[in-house]
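Asker: Sequence:
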Amino acid sequence: MNKKYIQQWLIFKGGSIILMAVSLCYVYGVNDLVETFNTKSLIVLGDAIEYSGKVIICIGGIPMFIWVFFFALKMLFKKGIEPFKKYTTIGYIWMVISVVSFVLGFIASFVIPFILMVSPYTSCNVGKYSSYYVINPDLCKTIVPDQWVKK
1 MNKKYIQQWL
11 IFKGGSIILM
21 AVSLCYVYGV
31 NDLVETFNTK
41 SLIVLGDAIE
51 YSGKVIICIG
61 GIPMFIWVFF
71 FALKMLFKKG
81 IEPFKKYTTI
91 GYIWMVISVV
101 SFVLGFIASF
111 VIPFILMVSP
121 YTSCNVGKYS
131 SYYVINPDLC
141 KTIVPDQWVK
151 K
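Note that my numbering gives residue 6 to position 6 of the sequence shown, counting from 1, and the numbers run on in steps of one.
Treat each hint with caution, since some may be false.
Pairwise CB distance ranges (calculated) [unchecked claim]:
#1 3 / 111: 48 to 56 Å
#2 17 / 138: 47 to 55 Å
#3 137 / 77: 37 to 45 Å
No farther apart than 20 Å at their CA atoms in a straight line, the calculated lysine to any residue pairs in the SDA-like style are these [said to hold, decoys possible]:
#4 13 / 75
#5 54 / 33
#6 79 / 18
#7 54 / 3
#8 79 / 17
Note that these hints are calculated values from the structure, not bench results.
Predicted model only: the values in this text are computed from it and were never measured.
Where is the CB? At the ideal position from N, CA and C, for every residue including glycine.
Put together the whole structure using the sequences plus the hints.
Answerer: Quick look at the structure:
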């Protein structure tokens, strides 16, 4: 083997390891972020709702990073450094699902604020409480920011 091939092989395999690490870090980071900004309150619709559009987009991106992880894993165990000649059906299906979920999350992050505007909820708009929406503005004073965080 020549030196150039070995360098390309190391870059190919090293890139796949880096992609796998980035994917795992993203999924782990979003998991921790979702504990901070609870999106379950959008479904439950109690007196107070916590909403962050960034979290909705990040949640929509999780399937894409799962696909990237398995794609990089396939690259890691592939012999040689040539591009894939044949892709799997499940890979195509998962790729479509991941792109659709990311696009839907992106669109939802822009639609939900308009829905909240026409709903009876009012934004607290005060510092760390700016992501909270309440039915009665007096409830902004009673919000404990970490009430939904798992203990």
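Asker: So, for every hint listed, does it hold in this structure?
Answerer: Right, here's what the structure says about each hint:
For residue 3 paired with residue 111, a C-beta distance near 54 Å keeps the hint of 48 to 56 Å intact. As the Cβ distance of residue 17 to residue 138 is approximately 53 Å, the hint placing it in 47 to 55 Å holds. Distance hint for residue 137 and residue 77: a CB-CB separation of about 57 Å, inconsistent with the stated range 37 to 45 Å. Restraint check for residue 13 and residue 75: the C-alpha separation of about 7 Å stays at or below 20 Å, so the hint holds.
With a C-alpha separation of about 10 Å, the suggested pairing of residue 54 with residue 33 holds against the 20 Å cut-off. Of the supplied pair hints, the one linking residue 79 and residue 18 holds, its CA atoms being roughly 18 Å apart against a limit of 20 Å. For the given pair, residue 54 sits about 45 Å from residue 3 by alpha-carbon distance, which is inconsistent with the 20 Å threshold. Our distance criterion of 20 Å between C-alpha atoms is met by residue 79 and residue 17, whose separation comes to about 15 Å.
Hint compliance for this structure: hints 3, 7 are broken, all remaining hints hold.
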